[in-house]
Amino acid sequence: MRSQIISSVLRASVRPTIARSALPTVVRSRAYSDHPQETFESFNQRYVEFFNQAEDIFEVQRGLNNCFAHDLVPAPSVIEAAVRASRRVDDFATAVRIFNGVKVKVENKKQYQDYVEELKGLREELGITLEEELYPEWEK
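Here the sequence shown stands for residues 1 to 140, where the numbers follow this note's numbering.
Just to be clear, a hint being listed does not mean it is correct.
[Said to hold, decoys possible] Quick list of in silico lysine-lysine cross-link-like pairs, DSS-like style, CA-CA up to 30 Å:
| no. | residue 1 | residue 2 |
| --- | --- | --- |
| 1 | Lys103 | Lys120 |
| 2 | Lys110 | Lys120 |
| 3 | Lys105 | Lys120 |
| 4 | Lys120 | Lys109 |
[Unchecked claim] FRET-style restraints, in silico, Cβ to Cβ:
| no. | residue 1 | residue 2 | range |
| --- | --- | --- | --- |
| 5 | Arg28 | Glu117 | 52 to 60 Å |
| 6 | Ala93 | Gln113 | 16 to 24 Å |
| 7 | Ile57 | Val106 | 20 to 28 Å |
| 8 | Gln37 | Ser77 | 32 to 40 Å |
| 9 | His70 | Ala93 | 29 to 37 Å |
| 10 | Leu134 | Arg28 | 54 to 62 Å |
| 11 | Arg28 | Glu118 | 15 to 23 Å |
No wet-lab data here; the hints were simulated from the structure.
Heads up, the beta-carbon is just placed ideally off N, CA and C, and yes, glycines get one too.
Based on the provided sequences and hints, a complete structural model is requested.
Structure representation (structure tokens):
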């Protein structure tokens, strides 16, 4: 009887060790994607070409959403192409909102004024009025 008890105790103490060593080992791996970083110049060129080829307002607005989603302010050439595209598809409101998007993206008022000043000729040519000119009482 004693030998049975001792043998069952020994078997019980051995089982967890065997069971633990039989557990599968989990190997974790991470898959990373690697792609070349787009330069600011190629970014601007891509969006200028996109807006030059946009045929309807939905395409222009989709391009604006994608362009402004990046963590940078588009170059004036991109803004010019976008404004021209919005006027080409006869959407004045989007043309005004493009300047609002620039106003939100820049770091300070001086940068916004630089954009407005650089694109002044375009605004006069296409008849684009800024929001602050349309609603001066909204200015803080």
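Here is what the structure says about each hint:
1. Lys103 - Lys120: Since the Cα atoms of Lys103 and Lys120 sit roughly 15 Å apart, the hinted pair holds (cutoff 30 Å).
2. Lys110 - Lys120: holds (15 Å)
3. Lys105 - Lys120: Cα-Cα ~19 Å, so holds.
4. Lys120 - Lys109: Between Lys120 and Lys109 the Cα gap is close to 16 Å, so the pair holds against 30 Å.
5. Arg28 - Glu117: 52 to 60 Å: At roughly 54 Å between Cβ atoms, Glu117 and Arg28 fall inside 52 to 60 Å, so the hint holds.
6. Ala93 - Gln113: 16 to 24 Å: holds (22 Å)
7. Ile57 - Val106: 20 to 28 Å: holds (25 Å)
8. Gln37 - Ser77: 32 to 40 Å: Violated, since Gln37 and Ser77 (Cβ atoms, about 20 Å apart) do not stay within the stated range.
9. His70 - Ala93: 29 to 37 Å: violated (23 Å)
10. Leu134 - Arg28: 54 to 62 Å: holds (56 Å)
11. Arg28 - Glu118: 15 to 23 Å: The hint (15 to 23 Å, Cβ to Cβ) is violated, given that Arg28 and Glu118 are roughly 51 Å apart.
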